[in-house]
Amino acid sequence: MQNFIQNGHIIRVTAPAGGIASGEGLIIGGLFGIAAYSSAEGDPVELGTTGVYQLPKASAAVVTVGTRVAWDNTAKNINVPGAGRFPVGIAAEAAGNGTTSVAVRLDGVGTVAA
1 MQNFIQNGHI IRVTAPAGGI ASGEGLIIGG LFGIAAYSSA EGDPVELGTT GVYQLPKASA
61 AVVTVGTRVA WDNTAKNINV PGAGRFPVGI AAEAAGNGTT SVAVRLDGVG TVAA
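Per our numbering, the very first residue in the sequence shown carries number 1; after that it's consecutive.
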């Protein structure tokens, strides 16, 4: 196939203002991914867009396995879907009130909720 570029699990983008640390979530337009390494502002960084990642979670959020979850770009954590949050995938484990991280299976698609 002459027009194939890559499988899309990893996308190279430009690091945002202030740079990004390895393992941090980043939204660029309609794309959400996890930084594969730290990168300074304006430098290239690779984002993992699919797979399962342990991510910070809003302490009060309660999710069960298979629950759709979203990224809160202000708080920089996973929460339940809601206004202004970017759907990123499903919870790969249950995480109750007081838990501050959750395993999430990223699905590589999403749009910020109105």
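Honestly, the hints are just simulated from the structure, not real lab data.
All values derive from a computational prediction rather than experimental measurement.
Ideal Cβ placement from N, Cα and C applies to all residues, glycine included.
Misleading hints may appear alongside valid ones.
[What the hints assert, rightly or not] Computed spacing ranges between beta-carbons, pair by pair:
1. P81 x M1: 20 to 28 Å
2. A75 x Q6: 13 to 21 Å
3. S59 x Q6: 34 to 42 Å
4. E93 x G42: 31 to 39 Å
Okay, the hints, checked on the actual structure:
1. P81 x M1: 20 to 28 Å: Given about 36 Å between the Cβ atoms, the range is violated.
2. A75 x Q6: 13 to 21 Å: 31 Å, violated
3. S59 x Q6: 34 to 42 Å: Holds: the Cβ-Cβ distance is about 37 Å, inside 34 to 42 Å.
4. E93 x G42: 31 to 39 Å: 36 Å, holds
Hints 1 and 2, counting from the list given before, are not met by this structure.
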